Amino acid sequence: MPRINSVEDLKKLKEQALDKIAVRLQGEDIDSLTQIYVGMDESGMQAGAKEVFHHIWSAVSGKPVVVLQTAKIGDFKEPAIKVVRPGQHAATVFEGVTIDKANEVISEFVEKGNPIEGMIAATHE
Amino acid sequence: MNYKMQILVCGGTGCLSSESEQIVKNLKHEIKKNNLTEDVRVILAGCFGFCEKGPIVKILPDNTFYTQVKPADAAEIIERHIIRGHKVERLLFVEPETQEVISDSKHMNFYKKQQRIALRNCGFIDPSDIEEYIARDGYAALAKAVTEMTRDEVVAEVKNSGLRGRGGGGFSTGLKWEFAKKSVSDEKYVICNADEGDPGAFMDRSILEGDPHSIVEAMAICGYAIGAAEGRVYIRAEYPLAITRLQKAIDDARAYGLLGKNIFGTDFNFDILLSFGAGAFVCGEETALIHSMEGERGEPTTKPPFPAESGYWGKPTNVNNVETLANIPVILLKGSQWFKTIGTEKSSGTKVFALAGKINNVGLIEVPMGTTLREVIYEIGGGIKDDRQFKAVQTGGPSGGCLTEKDLDTPIDFDNLITKGSMMGSGGMIVMDETDCMPAVAKFYLEFTQEESCGKCTPCRIGTRRLLELLEMITDGKAEMRHLDELRRLSRVICDTALCGLGQTAPNPVLSTLDAFWDEYVAHVKDHKCPAGRCEKLIRYNINDKCIGCTACARKCPVNCITGERKQKHEIDQEKCIKCGACYSACKFNAIDKM
Ligand SMILES: Cc1cc2nc3c(=O)[nH]c(=O)nc-3n(C[C@H](O)[C@H](O)[C@H](O)COP(=O)(O)O)c2cc1C
Chain A
2 MPRINSVEDL
12 KKLKEQALDK
22 IAVRLQGEDI
32 DSLTQIYVGM
42 DESGMQAGAK
52 EVFHHIWSAV
62 SGKPVVVLQT
72 AKIGDFKEPA
82 IKVVRPGQHA
92 ATVFEGVTID
102 KANEVISEFV
112 EKGNPIEGMI
122 AATHE
Chain B
277 MNYKMQILVC
287 GGTGCLSSES
297 EQIVKNLKHE
307 IKKNNLTEDV
317 RVILAGCFGF
327 CEKGPIVKIL
337 PDNTFYTQVK
347 PADAAEIIER
357 HIIRGHKVER
367 LLFVEPETQE
377 VISDSKHMNF
387 YKKQQRIALR
397 NCGFIDPSDI
407 EEYIARDGYA
417 ALAKAVTEMT
427 RDEVVAEVKN
437 SGLRGRGGGG
447 FSTGLKWEFA
457 KKSVSDEKYV
467 ICNADEGDPG
477 AFMDRSILEG
487 DPHSIVEAMA
497 ICGYAIGAAE
507 GRVYIRAEYP
517 LAITRLQKAI
527 DDARAYGLLG
537 KNIFGTDFNF
547 DILLSFGAGA
557 FVCGEETALI
567 HSMEGERGEP
577 TTKPPFPAES
587 GYWGKPTNVN
597 NVETLANIPV
607 ILLKGSQWFK
617 TIGTEKSSGT
627 KVFALAGKIN
637 NVGLIEVPMG
647 TTLREVIYEI
657 GGGIKDDRQF
667 KAVQTGGPSG
677 GCLTEKDLDT
687 PIDFDNLITK
697 GSMMGSGGMI
707 VMDETDCMPA
717 VAKFYLEFTQ
727 EESCGKCTPC
737 RIGTRRLLEL
747 LEMITDGKAE
757 MRHLDELRRL
767 SRVICDTALC
777 GLGQTAPNPV
787 LSTLDAFWDE
797 YVAHVKDHKC
807 PAGRCEKLIR
817 YNINDKCIGC
827 TACARKCPVN
837 CITGERKQKH
847 EIDQEKCIKC
857 GACYSACKFN
867 AIDKM
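Read top to bottom, the protein sequences are chains A and B.
Be aware that the first sequence starts at 2, since it is given in the numbering used here, and climbs by one per residue.
Be aware that the second sequence starts at 277, since it is given in the numbering used here, and climbs by one per residue.
If you're looking for bench data, these hints aren't it; they were derived computationally from the structure.
Straight-line Cα separation of at most 25 Å, BS3-like style, residue types lysine-lysine; simulated pairs:
hint: 1; chain 1: B; residue 1: K754; chain 2: B; residue 2: K813
hint: 2; chain 1: B; residue 1: K458; chain 2: B; residue 2: K435
hint: 3; chain 1: B; residue 1: K843; chain 2: B; residue 2: K832
hint: 4; chain 1: A; residue 1: K12; chain 2: B; residue 2: K537
hint: 5; chain 1: B; residue 1: K309; chain 2: A; residue 2: K51
hint: 6; chain 1: B; residue 1: K845; chain 2: B; residue 2: K864
hint: 7; chain 1: B; residue 1: K537; chain 2: A; residue 2: K15
hint: 8; chain 1: B; residue 1: K420; chain 2: A; residue 2: K13
hint: 9; chain 1: B; residue 1: K363; chain 2: A; residue 2: K51
hint: 10; chain 1: B; residue 1: K301; chain 2: B; residue 2: K363
hint: 11; chain 1: A; residue 1: K13; chain 2: B; residue 2: K524
hint: 12; chain 1: A; residue 1: K13; chain 2: B; residue 2: K280
hint: 13; chain 1: B; residue 1: K822; chain 2: B; residue 2: K870
hint: 14; chain 1: A; residue 1: K73; chain 2: B; residue 2: K280
hint: 15; chain 1: B; residue 1: K610; chain 2: A; residue 2: K13
hint: 16; chain 1: A; residue 1: K51; chain 2: A; residue 2: K64
hint: 17; chain 1: B; residue 1: K852; chain 2: B; residue 2: K802
hint: 18; chain 1: B; residue 1: K610; chain 2: A; residue 2: K12
hint: 19; chain 1: A; residue 1: K13; chain 2: B; residue 2: K537
hint: 20; chain 1: B; residue 1: K616; chain 2: B; residue 2: K388
hint: 21; chain 1: A; residue 1: K64; chain 2: B; residue 2: K280
hint: 22; chain 1: B; residue 1: K870; chain 2: B; residue 2: K754
hint: 23; chain 1: B; residue 1: K524; chain 2: A; residue 2: K15
hint: 24; chain 1: B; residue 1: K696; chain 2: B; residue 2: K389
hint: 25; chain 1: A; residue 1: K51; chain 2: B; residue 2: K304
hint: 26; chain 1: B; residue 1: K813; chain 2: B; residue 2: K870
hint: 27; chain 1: A; residue 1: K64; chain 2: B; residue 2: K382
hint: 28; chain 1: B; residue 1: K420; chain 2: B; residue 2: K610
hint: 29; chain 1: B; residue 1: K524; chain 2: A; residue 2: K12
hint: 30; chain 1: B; residue 1: K458; chain 2: B; residue 2: K591
hint: 31; chain 1: B; residue 1: K280; chain 2: A; residue 2: K15
Now the in silico label distances, taken between C-beta atoms and shown as ranges:
hint: 32; chain 1: B; residue 1: R530; chain 2: A; residue 2: D30; range: 29 to 37 Å
hint: 33; chain 1: A; residue 1: R86; chain 2: B; residue 2: L368; range: 24 to 32 Å
hint: 34; chain 1: A; residue 1: G88; chain 2: B; residue 2: T711; range: 44 to 52 Å
hint: 35; chain 1: B; residue 1: L451; chain 2: A; residue 2: M2; range: 35 to 43 Å
So, partial list: chain B residues that the calculated Cβ filter (under 7 Å) puts toward chain A:
hint: 36; residue: R360
hint: 37; residue: H362
hint: 38; residue: A411
Keep in mind it's a predicted model, so treat the numbers as computed, not measured.
Every residue, glycine too, gets a C-beta built ideally from N, C-alpha and C.
Model the full structure from these sequences, guided by the hints.
Quick look at the structure:
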């Protein structure tokens, strides 16, 4: 059990402890985060949605992005992902997402806002 | 461990009694079965407040809020939601007015107008994990106080915030701290009043169960500010879960060095012990509480001297309510000016209410001061149950009064409620509809205060007994008009002469219902009628012409007071009838009138 002898100790412990509630904080701040939805229904899972989900989850760790599971995203080639910017109804879908494609979506589209090949405009209810 | 999803399950007393612990077990079992232990974590959190719809299960980060969950739903939640991303529609909340299905609690009418300061961590953290509290800036206010602020600065910050005691009196917390700080003594004490004796109130219990460290931290801050090294929490033994969680919080804080000697490497020492109460209402009164803690009878003494001068063992003592204390760490971190932006000019901040009675959304709510009763009852509370008519709302528990339709647009704050003939009290709010009889409501509260009177002073011991007898005469139809005058006169005498707040406020429910529902009292006395049809002795059952002589009523009557030939209209012997209503329930032909 760590003993807190100073304000610095408390700050350090807080930083470590934040991991425990990170997912809850994301939920609390969801409207100010970029949301990436991964379609996880049967066909999505068969096409590798689970791996894509886990990969994106690790890749965006510590960034103002929340990764969410959803059922089917729409009539798209699986695995499909949908990116929603904070507070927007407009969304962008990417279909047939591989790990490489997921990396490109994160580094170019999500982080830099650059358009990339295969973007499909959609809406988010 | 970096979990991708977390499942919060309400672990408040209400939801626990609806098997929320079993829900946790089943969820964990399903998670293990599906090899998800590295990705998904289940947490038994504190109260979410929406007790009407409990047990509550919340999935994060997508904020899906499931209501009335049963242990058997665990498999479907994991299989459909956690694994495949489908929401379990049948467990989602449906807004009664619009029939809209809502999955995120922040869009529900119940939560929209709430602002959670005292309840900030309830339903969010694992109350048994000190590190989760620390992750939410826990103990940062204590650190700031003892390392960056002088004692006077801490007192000034609390004073400037305008925080007033949430235990009922509404006295300025900062001013009270100042008195205790100025008292010169080798020893001083901080007492947290967790007696919470108002019937139907569970604000303090929920804070202690859901966020116990906030109280530990606040007590330590108070200790620093007034110069005390010891704290005591006076908590009723009927709160076993709150006791367990609070004790764990104290033990953990001690183990982490946040209680004990040289806190944050300074020369400030502070520790906390628990004292258990046996659940007497009067022991919530601060002087009675102190006597009870000293092993004496739980009886109040006159003030002055106030505890700030001479309290526990005759030493300067600061007594604060649980909810009052829960606000302290936030005030120190965010500043008194921020706190003052919430609420009304003379009542800053928020207030937690236990919303109960004939209301659709029973539960625990926290709203900014200044929110109107209408907003609380109709928007947050979802209106009156079964589309009945609103009649009154009792605020302030047994010390408060009944407010009516004309008061609904009153912004709730300490002063407004007193002006309207009631009081804030500790936060009980009981809503009544047209089927509630107001003299009977007054009688209910008098039964309580009379039973709970410690008996030390005559006005309370005998006066409340006499008040109760008068109310019994009224609800039994045996009173005369002069008794109503007597009721009012005696109430005033008790208010003016009783020793402590219990007696001084016990007549309030009588006075406020006499003022607002005079006609109802008169109907009981002059017409021997209870307009709400509640007072048993004033009810009459009569058989009307619809009777076909089926004999169902006669067969059900436990005192054989119904007679008549088969296929002939029956009759009730009013002398023998005990008004149990068995005949009324048995009749399938609407042939019995209840008058
Ligand atoms: C009969 C009676 C019962 C009381 N019960 C409680 C109680 O259960 N909890 C509480 O905090 N204050 C209760 N009080 C008020 C306390 O005497 C005291 O004012 C309060 O604990 C001070 O804390 P605060 O300034 O933070 O409100 C009661 C007062 C009376 C007269």
